[in-house]
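The residues making up each chain are set out below.
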Amino acid sequence: MTQISPVFKREFLGYFRSPVAYVFLVVFSVASIGLAFFVGGFFKANQATMQGYFTFYPWLFLFLIPAAGMRLWSEEKRTGTVELLFTLPITTLEAVLGKFLAAWAFLTLAILLSLPLAGTVAYLGSPDWGVIASTYFGGILMAGAYLGVCSLTSALTKNQVISFVISVVACLALLFLGWSVFSEVLGSIFPVWLVDLLSNFSFITHFDAFTKGIVDPKDVVFFLSLIGFTLFLNVVALER
Amino acid sequence: MIEVKGLVKTYGPKRAVDGVSFRVNRGDILGFLGPNGAGKSTTMKMITGFLRPDAGTATVDGIDVTVDPVAVKRKLGYLPESAPAYPEMTVEEFLGFIAEVRGFRSTDAKRAQVDRAIGLTHLTPVRKQTIETLSKGFKQRVGFAQALLHDPGVLVLDEPTDGLDPNQKNEVRSLIKAMAVEKAVILSTHILEEVDAICNRVIVISQGKVVADETPASLHARKPGARLDEIFRTLTASDV
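Respectively, the protein sequence lines represent chains A and B.
Following the numbering used here, the numbering of the first sequence begins with 59 at its first residue and continues without gaps.
Following the numbering used here, the numbering of the second sequence begins with 3 at its first residue and continues without gaps.
This is chain A alone, in the form it adopts within the complex (with noise of 0.2 Å):
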């Protein structure tokens, strides 16, 4: 496992060797801050809280995510680095943590670049700082579970465009469970409790505890166990 650490190094400062990470950041901290703004009335709320903010992540995350994500494996495919990686001493095991620790790392700088956001509230109002700890918390935890889907459907093209196509659309199914829009259309055909069923596998209905402050197991272990087994079949599909 100490094979991680250079892996995890190169991928990270791959970020910022190229201009994908100055893009990514710039992107992310414009488009969730203005959605907050514009959308989400933040100030309009009159309320000390970062609701107005974190609202929109699920959905943001749906396009953002996919597109930090899609090149992990796809990019490497593409190069023919990837033959150079897996005849490194590295186990595929150690490669796949090492790249999805590094994308992850990198996401969660994204996210805590708002954190000038929380000042802004504390200096208006006085704010819930355990709600707003426990939010990035879920809002970082939620980023690994997109991550480790963008990290499979990227491992099984060497074709960025589908990659980024495919983590979308897989994402949006796991975002659609759980949206109540789209919970109360099923509603309409489907008994409730396989409603329930299927929108316990949604981001949004996992993640909405961690926006009112509750840090509840079950949802810590969603999320985890989401990245496992992504990753898992992300190993399975590299070694295929």
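Derived by calculation from the structure, the hints in this document are not laboratory data.
Only a predicted model underlies this, so the values are computations on that prediction, with no experimental measurement involved.
Using N, Cα and C, we set each Cβ at its ideal position, and we do this for glycine too.
Watch out, some of these pointers could steer you wrong.
Stated by the list, open to error - Stretch-level coverage of chain A by chain B, calculated; a stretch enters the list once three of its residues show a Cβ under 8 Å from a Cβ in chain B: (1) 109 to 123; (2) 146 to 160.
Stated by the list, open to error - Computed cross-link-like contacts, BS3-like style, restricted to lysine-lysine with a CA-CA straight-line distance of at most 27 Å: (3) B:Lys7 / B:Lys185; (4) B:Lys77 / A:Lys135; (5) A:Lys276 / A:Lys216; (6) A:Lys67 / B:Lys112; (7) A:Lys67 / B:Lys16; (8) B:Lys138 / A:Lys216; (9) B:Lys130 / A:Lys135; (10) B:Lys16 / B:Lys211; (11) A:Lys216 / A:Lys67; (12) A:Lys135 / B:Lys179; (13) A:Lys67 / B:Lys171; (14) B:Lys138 / A:Lys135; (15) B:Lys225 / B:Lys77; (16) B:Lys185 / B:Lys225; (17) B:Lys16 / A:Lys216; (18) A:Lys135 / A:Lys216; (19) B:Lys130 / B:Lys185; (20) B:Lys77 / B:Lys171.
To be verified - Taking beta-carbon pairs under 10 Å as the criterion, some of the chain A residues facing chain B (in silico): (21) Arg68; (22) Glu141; (23) Gln218; (24) Ile220; (25) Thr263; (26) Glu297.
With chain A fixed as given, assemble chain B onto it according to the hints.
Frame of chain A; chain B shown alone:
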């Protein structure tokens, strides 16, 4: 040092490698000849543990690559075809990454290995350049530097002189020759005179099968007075 027994690899209905067996000892430079698509690269990929053989074994220093791939990869230096490398990294960063994965973690040890590899392959003038800005000849040398960075006992080189100008070809050949004294080297090529220049053994492979395994002198003796490419054409006639 390298022992290959009955290797088989099938892609769909096509048998890319069909029962290839041979041995390479310390001090040997084995030239791997064959038309494009004959199975040279596939055989090399199985020896280096990138592809899993459908049948047969490849062992390096007595270690079976399917049983302990990481141990084999530690002993090997491998230059994949067209020398893939991470384009956004500089030569120094890239070789530094390889050094870390190869276990040279301390700054001094890493630096020593990188400097040695850069010196051997004459990369000093471009060490601070990103790989994507390099000419084909330099890229090829970066791949070569990566393969010999840890001074491995076994070198597997897939078309090491491809894309080099005549002077560079000469240089790479003399480098291989100088190193081979205490190493086992396999190199694939379709430049026939290369075999005469550096190899002390030749294997000709056609449609996935070994059709000749001998010294360059006895290959010449098959048709006295004929040029090497005529002999090659006769041997691989079935592969057109």
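Hints and how they fare:
Under the rule that three or more residues need a Cβ within less than 8 Å of chain B, the assignment of the stretch 109 to 123 of chain A is violated, with 0 such residues. Taking a C-beta to C-beta cut-off of 8 Å, the stretch 146 to 160 of chain A contributes 4 residues in contact with chain B, enough for the three needed, and the coverage statement holds. Simply put, B:Lys7 and B:Lys185 have alpha-carbon atoms about 20 Å apart, close enough for the 27 Å limit, and the pair holds. Between B:Lys77 and A:Lys135 the alpha-carbon distance is near 24 Å, which keeps this suggested pair within the 27 Å criterion.
The suggested pairing of A:Lys276 with A:Lys216 is violated, with an alpha-carbon distance near 35 Å, which exceeds 27 Å. Distance hint between A:Lys67 and B:Lys112 is fulfilled; the C-alpha atoms sit about 15 Å from each other, no more than 27 Å. With a CA separation close to 40 Å, the supplied pair A:Lys67 and B:Lys16 exceeds the 27 Å bound. For the hint pairing B:Lys138 with A:Lys216, the CA-to-CA distance comes to about 23 Å; that is within 27 Å, so the pair holds.
Restraint check: the Cα-Cα separation between B:Lys130 and A:Lys135 comes to about 26 Å, which is no more than 27 Å; the hinted pair holds. Straight-line distance between C-alpha atoms of B:Lys16 and B:Lys211 comes to about 13 Å, which keeps the hinted pair within the 27 Å bound. For the hint pairing A:Lys216 with A:Lys67, the CA-to-CA distance comes to about 23 Å; that is within 27 Å, so the pair holds. A threshold of 27 Å between alpha carbons decides the hint, and for A:Lys135 with B:Lys179 the separation of about 32 Å lies outside it, so the pair is violated.
Distance restraint check for A:Lys67 and B:Lys171: the Cα-Cα separation of roughly 34 Å exceeds the 27 Å cut-off, and the hinted pair is therefore not satisfied. This hinted pair checks out: B:Lys138 and A:Lys135 have alpha carbons roughly 20 Å apart, not beyond 27 Å. A threshold of 27 Å between alpha carbons decides the hint, and for B:Lys225 with B:Lys77 the separation of about 39 Å lies outside it, so the pair is violated. Pair hint B:Lys185 plus B:Lys225 does not hold up; C-alpha atoms about 31 Å apart against a cutoff of 27 Å.
Under the criterion of a C-alpha separation no larger than 27 Å, the hint pairing B:Lys16 with A:Lys216 is consistent with the structure, at around 23 Å. For the proposed pair A:Lys135 and A:Lys216, the alpha carbon gap of about 5 Å is at most 27 Å, so the pair holds. Under the criterion of a C-alpha separation no larger than 27 Å, the hint pairing B:Lys130 with B:Lys185 is inconsistent with the structure, at around 30 Å. Among the hinted pairs, B:Lys77 with B:Lys171 is consistent with the structure: their alpha-carbon atoms are about 26 Å apart, no more than 27 Å.
With 10 Å as the threshold, the beta carbon of A:Arg68 comes within range of chain B, its nearest partner Cβ sitting at about 5 Å, so the hint holds. Annotation: A:Glu141 was flagged as interfacial toward chain B, and the flag holds, the nearest CB pair being 5 Å apart, inside 10 Å. Contact between A:Gln218 and chain B, as hinted, is not supported at the beta carbon level, the nearest pair being about 15 Å apart and thus beyond 10 Å. The interface hint given for A:Ile220 is broken, as the beta carbon of that residue sits about 21 Å from the closest beta carbon of chain B, more than 10 Å.
A cut of 10 Å between beta carbons decides the hint on A:Thr263: the least distance to chain B is about 39 Å, and the hint is violated. Because the smallest distance between the Cβ of A:Glu297 and any Cβ of chain B comes to about 8 Å, under 10 Å, the interface hint for this residue holds.
When each numbered hint is compared with the structure, violations occur for hints 1, 5, 7, 12, 13, 15, 16, 19, 23, 24 and 25.
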